[in-house]
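Chains as they are written, first to last, in our numbering: chain S, 1 to 140; chain G, 1 to 362.
Hints may contain errors.
[To be verified] The list that follows gives simulated cross-link-like pairs (lysine-lysine, BS3-like), each with its CA atoms no further than 30 Å apart:
#	chain 1	residue 1	chain 2	residue 2
1	G	86	S	33
2	S	121	G	167
3	S	105	G	110
4	G	173	S	41
5	S	137	G	110
6	S	95	S	105
7	S	83	S	137
8	G	234	G	173
9	G	167	S	45
10	G	86	S	115
11	S	95	S	41
12	G	314	S	46
13	G	234	S	100
14	G	167	S	89
15	G	173	S	105
16	S	128	S	140
17	S	83	S	128
18	S	83	G	110
19	G	110	S	89
20	G	86	S	140
21	G	167	G	86
22	S	83	G	167
23	G	86	S	121
24	S	121	S	95
25	S	100	G	167
26	G	86	S	41
27	S	41	S	140
28	G	173	G	110
29	G	314	S	89
30	G	86	S	46
31	S	95	G	234
[Claimed, not checked] Now the in silico label distances, taken between C-beta atoms and shown as ranges:
#	chain 1	residue 1	chain 2	residue 2	range
32	S	37	G	107	20 to 30 Å
33	G	240	S	45	20 to 30 Å
34	S	119	G	84	19 to 29 Å
35	G	196	S	67	45 to 55 Å
Calculated directly from the structure, the hints in this document are not laboratory data.
Quick reminder that beta carbons are idealized off the backbone N, C-alpha and C, glycines included.
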Amino acid sequence: MKKFYIIITVVVLLMVTSSLSANATDVTIIVNKANTNTIDKATVKKIYMGDMTSWTDGSAILAIDLSEGNSARDSFTDSVLGKSVSNMKALWAQKIFSGKAVPPKTVESDDEVKKIVSGNKNAIGYIKGSSVDDSVKVVK
Amino acid sequence: MFKSSRVLKKCFGTVCALIIAAGTSYAVELGNIEIHGYGHQGFVMTDGNIISLAEKSGSAISKADNQGTFDYSNIALLFSDRITDKNNIWIQLYGNSNHIRLDWAFIDHKFNNQLIARVGQIKTPTAIYNEIRDVKFLQLSTIEPFMYFEDSLVSEAYRGIGITYDKETPGGKIVLDAFGGETVNFEEHPEKRDRVMIGGRLTCNTPIEGLRIMASAQTYNTEEIDTGERGNEKKYMASIDYANHGIDLKAEYFYLSGFQPLVPDLYSYYIQAGYTLFDRLTPFARYDYLVTDKNQESDPSYYQKDITVGIGYKINSNIIFKAENHFMEGYSMPVLTMGNDFDASSANKNWNLTAFSMNFMF
Numbered sequence: 001m002k003k004f005y006i007i008i009t010v011v012v013l014l015m016v017t018s019s020l021s022a023n024a025t026d027v028t029i030i031v032n033k034a035n036t037n038t039i040d041k042a043t044v045k046k047i048y049m050g051d052m053t054s055w056t057d058g059s060a061i062l063a064i065d066l067s068e069g070n071s072a073r074d075s076f077t078d079s080v081l082g083k084s085v086s087n088m089k090a091l092w093a094q095k096i097f098s099g100k101a102v103p104p105k106t107v108e109s110d111d112e113v114k115k116i117v118s119g120n121k122n123a124i125g126y127i128k129g130s131s132v133d134d135s136v137k138v139v140k
Numbered sequence: 001m002f003k004s005s006r007v008l009k010k011c012f013g014t015v016c017a018l019i020i021a022a023g024t025s026y027a028v029e030l031g032n033i034e035i036h037g038y039g040h041q042g043f044v045m046t047d048g049n050i051i052s053l054a055e056k057s058g059s060a061i062s063k064a065d066n067q068g069t070f071d072y073s074n075i076a077l078l079f080s081d082r083i084t085d086k087n088n089i090w091i092q093l094y095g096n097s098n099h100i101r102l103d104w105a106f107i108d109h110k111f112n113n114q115l116i117a118r119v120g121q122i123k124t125p126t127a128i129y130n131e132i133r134d135v136k137f138l139q140l141s142t143i144e145p146f147m148y149f150e151d152s153l154v155s156e157a158y159r160g161i162g163i164t165y166d167k168e169t170p171g172g173k174i175v176l177d178a179f180g181g182e183t184v185n186f187e188e189h190p191e192k193r194d195r196v197m198i199g200g201r202l203t204c205n206t207p208i209e210g211l212r213i214m215a216s217a218q219t220y221n222t223e224e225i226d227t228g229e230r231g232n233e234k235k236y237m238a239s240i241d242y243a244n245h246g247i248d249l250k251a252e253y254f255y256l257s258g259f260q261p262l263v264p265d266l267y268s269y270y271i272q273a274g275y276t277l278f279d280r281l282t283p284f285a286r287y288d289y290l291v292t293d294k295n296q297e298s299d300p301s302y303y304q305k306d307i308t309v310g311i312g313y314k315i316n317s318n319i320i321f322k323a324e325n326h327f328m329e330g331y332s333m334p335v336l337t338m339g340n341d342f343d344a345s346s347a348n349k350n351w352n353l354t355a356f357s358m359n360f361m362f
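One chain only, chain S, in its complex shape (with noise of 0.2 Å):
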């Protein structure tokens, strides 16, 4: 009995721990060069939850994420949003079927984020810290 309750004990651990995030990726927020919007963390947070659609001149954003399971998505999610990646994904679909936002285009790899970005002054998307260039614009 003793020997059930440690396997227990040890199978309900590994469902925990396999829920949590490993180590949190580096991630940097990027713009097109010719972007000269003030953006912060709170506006990157109203963009990415779909209450920002507009630059300041009326032009439509186009918010890129990255795809699910992508380590870089998973901490922006978290350390930007303050949300897990299954709760925005809810959030968003709320937002569709009431026909109120689509969500951010989402791509594979991110030097599709930088060829995206770079290639529209509109765009804003995030990338890991080490895949910055001279394309980009870094978000401070």
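Once you've looked at the hints, dock chain G against the given chain S.
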């Protein structure tokens, strides 16, 4: 809405299945058009009373009894396209056991980050669940609370114009939804016809992360079909919703001031709680109460209590399995939805409803 052949429904379902099987975790893109969807397949049985489940369409009513039925399913496809920087077009097609219909279709115009207008056929911005009442994936249970079960209670949609305005205040973000137009009844009501409706919802997203409070109200003209007599009905709803850190707590109250004597005053309320473990397992419970005639509250034909216990299991980010049991007392809901088709004289006052469902979303 229109009657669909089995072939059409199978095609509709096959499209959704292929999209899910492709492993897409979010939207499917067709050029500039984004496609999202949801659906569920359920099995529902009771231990005595025969009740209706799906929307009526002509004479087709899905019923659950002690043999159980798989005739409890829906599928929807949502198409959205950004046509200009300030305008989007949205179209949702919806199908269930009986038909495929246009669920909603509208164009929106964003004046700025705070103000947006919509024109077309739109889900009524009311209470917590109305806009997503058919998206079972986003709800704790397979069977929705009483106030959402029938569109004669919380009105499902309208054809007209609506606006949404939000403002940050020290007390939190306030969102005002206001609308006006013609009531859209997806379910047939042979006794009355609802006409022009105006209403709104005030939401306060409080400074406490995940906590919001809502107040909703609608008023509309209605007409008794047999006599042509016209009157007015009013609906009021109060809602509180907390969702954070795996906790999901909701409580709502609904009151209908009915078109007397055809529709008596009625009310309903529920409170439900769920908690997600390991991002996969969500046990939940709900207490739900419905009174369809305030003057006959002690008659089981006019009240119904429901204690629900259930569990949801997230198979992956797109699919959730749910199982639940509803311990019922009274049968006012089948009396309301089925009328003379429900035999109240031989109905069981205490009965159970058991439901299982597979729910998906992309």
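Hints and how they fare:
no. : hint                        : result
1   : G:86 with S:33              : holds, 24 Å
2   : S:121 with G:167            : holds, 27 Å
3   : S:105 with G:110            : holds, 19 Å
4   : G:173 with S:41             : holds, 17 Å
5   : S:137 with G:110            : holds, 28 Å
6   : S:95 with S:105             : holds, 15 Å
7   : S:83 with S:137             : holds, 26 Å
8   : G:234 with G:173            : holds, 27 Å
9   : G:167 with S:45             : holds, 16 Å
10  : G:86 with S:115             : holds, 25 Å
11  : S:95 with S:41              : holds, 22 Å
12  : G:314 with S:46             : holds, 28 Å
13  : G:234 with S:100            : holds, 26 Å
14  : G:167 with S:89             : holds, 24 Å
15  : G:173 with S:105            : holds, 26 Å
16  : S:128 with S:140            : holds, 14 Å
17  : S:83 with S:128             : holds, 19 Å
18  : S:83 with G:110             : holds, 27 Å
19  : G:110 with S:89             : holds, 23 Å
20  : G:86 with S:140             : holds, 28 Å
21  : G:167 with G:86             : holds, 19 Å
22  : S:83 with G:167             : holds, 23 Å
23  : G:86 with S:121             : holds, 17 Å
24  : S:121 with S:95             : holds, 26 Å
25  : S:100 with G:167            : holds, 16 Å
26  : G:86 with S:41              : holds, 24 Å
27  : S:41 with S:140             : holds, 9 Å
28  : G:173 with G:110            : holds, 18 Å
29  : G:314 with S:89             : holds, 13 Å
30  : G:86 with S:46              : holds, 18 Å
31  : S:95 with G:234             : holds, 27 Å
32  : S:37 with G:107: 20 to 30 Å : holds, 27 Å
33  : G:240 with S:45: 20 to 30 Å : holds, 24 Å
34  : S:119 with G:84: 19 to 29 Å : holds, 20 Å
35  : G:196 with S:67: 45 to 55 Å : holds, 46 Å
Checked against the numbered hints above, the structure breaks none of them.
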